[in-house]
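Since the structure of chain A is provided, determine the placement of chain B on it from the hints.
Spelled out, the chains give:
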Amino acid sequence: METFGEIIVSALIVIGATFALIGSYGMLRLPEVMARLHAPTKASTLGIGGALLASMLYFLFFENTLSIHELLISLFLFLTAPITALFMAKAYLHIHPEVGEQLPKPESCDWSTYETPSGNVRPRT
Amino acid sequence: MTTHHHPPDERTLFERWVPHPLLTATLTVIWMLLANSFSVGGLLVGLVLGLSIPRITASFWPDRPHIQNYGKAFAYVLLVIYDIIVANVQVARIILFRPLKSLNTCWVCIPLDLTNPEAITVFAGTITMTPGTVSCDLSADGHALLVHCLDAPDREAAVRDMKARYESRLKEIFP
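Residue numbers (the numbering used here), protein chains in the order written: chain A, 1031 to 1155; chain B, 3 to 177.
Keep in mind that the hints were calculated from the coordinates and are not lab data.
Treat the numbers as computed from the prediction; the structure is a model and nothing was measured.
Glycine included, each C-beta is placed from N, C-alpha and C at the ideal position.
Some hints could be false.
Selected chain A positions facing chain B (Cβ under 10 Å, derived; list incomplete) [claimed, not checked]:
(1) Phe-1034
(2) Ile-1038
(3) Ala-1041
(4) Gly-1053
(5) Pro-1061
(6) Met-1064
(7) His-1099
(8) Ile-1113
(9) Leu-1116
(10) Met-1118
(11) Cys-1139
(12) Asp-1140
Here are some chain B residues the structure puts well away from chain A; computed CB gaps all over 12 Å [what the hints assert, rightly or not]:
(13) Phe-16
(14) Pro-21
(15) Leu-25
(16) Leu-46
(17) Val-47
(18) Val-50
(19) Ile-55
(20) Arg-100
(21) Lys-103
(22) Ala-146
(23) Arg-167
Just chain A, same shape as in the assembly (with noise of 0.2 Å):
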């Protein structure tokens, strides 16, 4: 049983790494900011996923403890991750106008990037 639990967190923690590994190696190969953005985004997620999960496994397994505070550091990573993203490409698009002249333009106006809304925000009801 204890070498079942070896090998299980151990796989974890190489699966992990090696995404970890790949989602960096991802922003040096890419070409340009926004296909880099992807990598972090992406590969990173179950890189420390696979992290936090051997941590749970090995807690469960060597220390006969449940611990799930683990849970809390992906959820806050779910919540994260997106946001930073975003940021991160409205940055880009504030510092690079002319991508913004290449956009695909939505029906009625511009991105919120490029527009002050004007007066009532809400979307339609």
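Relative to chain A, chain B alone:
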């Protein structure tokens, strides 16, 4: 003499003290998870936080969204977790093996059927966490979403997939 200026508060005592039972429960559970061990003292502190924070912040969510179907919301969370795992593998394969010239990076515009701000937030967050897409901006009137695709040979199919897979489900969860 009269109290005409203040319409009578028709909420029950429970509703006044616990305006958002689910938020109270969530905050208490999160506090217990942070402590990572069960004790009566910890539970009491958690309950105090869970009861006071919703009352203090109540004015920030005057018309909070009502989740219509908790079963479907739970199924949605599981679907997204599954998609995140698939997304990780897909993006890892693109990073490692795809020749960079064959990547079809592009911007797409997703017209939104969702109107609820919270539902749009969840939709945008889901798009960022799932295969090869990052949501980048909202249109000024809030009716379209700008998405960057890492590899989308067919833009219209990509938009259709995202709308069918996530937006249609979110429409059933948020009224």
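Each hint tested on the structure:
Below 10 Å, beta-carbon pairs count as interface contacts, and Phe-1034 (chain A) has none with chain B, the closest being about 23 Å; its hint is therefore violated. At about 17 Å, the closest approach between the beta carbon of Ile-1038 (chain A) and any beta carbon in chain B exceeds 10 Å, and the interface hint on this residue is violated. For Ala-1041 (chain A), the suggested interface contact is broken, since its CB lies about 15 Å from the closest CB of chain B, more than 10 Å. Taking 10 Å as the C-beta cut-off, the interface hint given for Gly-1053 (chain A) holds, the closest approach to chain B being about 8 Å.
With its C-beta approaching chain B no nearer than about 6 Å, Pro-1061 (chain A) sits inside the 10 Å limit, and its interface hint holds. Below 10 Å, beta-carbon pairs count as interface contacts, and Met-1064 (chain A) has one with chain B at about 5 Å; its hint therefore holds. The interface hint given for His-1099 (chain A) holds, since its Cβ lies 4 Å from the closest Cβ of chain B, which is under the 10 Å cut-off. Annotation: Ile-1113 (chain A) was flagged as interfacial toward chain B, and the flag holds, the nearest CB pair being 8 Å apart, inside 10 Å.
A distance limit of 10 Å between C-beta atoms decides the matter here; for Leu-1116 (chain A) the minimum to chain B is near 6 Å, and the interface restraint holds. Hint on Met-1118 (chain A) holds. Least Cβ distance to chain B is approximately 9 Å, under the 10 Å limit. A least Cβ separation of about 4 Å between Cys-1139 (chain A) and chain B falls short of the 10 Å threshold, and the interface hint therefore holds. At its closest, the beta carbon of Asp-1140 (chain A) sits 6 Å from a beta carbon of chain B; the interface hint therefore holds under the 10 Å criterion.
The beta carbon of Phe-16 (chain B) sits about 28 Å from the closest Cβ of chain A, which is more than 12 Å, so the claim that it is off the interface holds. With a least beta-carbon separation of about 22 Å from chain A, Pro-21 (chain B) lies farther than 12 Å from that chain, consistent with its non-interface assignment. Listed as outside the interface, Leu-25 (chain B) is consistent with that label: its C-beta sits roughly 15 Å from the nearest C-beta of chain A, beyond the 12 Å cut-off. Consistency note on Leu-46 (chain B): stated as away from chain A, and its beta-carbon is indeed over 12 Å from all of that chain's, at 19 Å minimum.
Chain A leaves Val-47 (chain B) outside its interface by the beta-carbon criterion, the shortest separation being 15 Å against a cut-off of 12 Å. Separation of Val-50 (chain B) from chain A is adequate, the least Cβ-Cβ distance of about 19 Å exceeding the 12 Å criterion. With a least CB separation of 16 Å from chain A, Ile-55 (chain B) remains clear of the 12 Å interface cut-off, as annotated. Residue-level check failed: Arg-100 (chain B) sits 10 Å from the nearest beta carbon of chain A, not beyond 12 Å.
With a closest Cβ-Cβ approach of about 9 Å to chain A, Lys-103 (chain B) is found to fall inside the 12 Å limit, against its non-interface label. Not every C-beta of chain A lies more than 12 Å from that of Ala-146 (chain B), the closest at about 4 Å, which undercuts listing it as non-interface. Every CB of chain A is more than 12 Å from the CB of Arg-167 (chain B) (nearest about 16 Å), matching its label as outside the interface.
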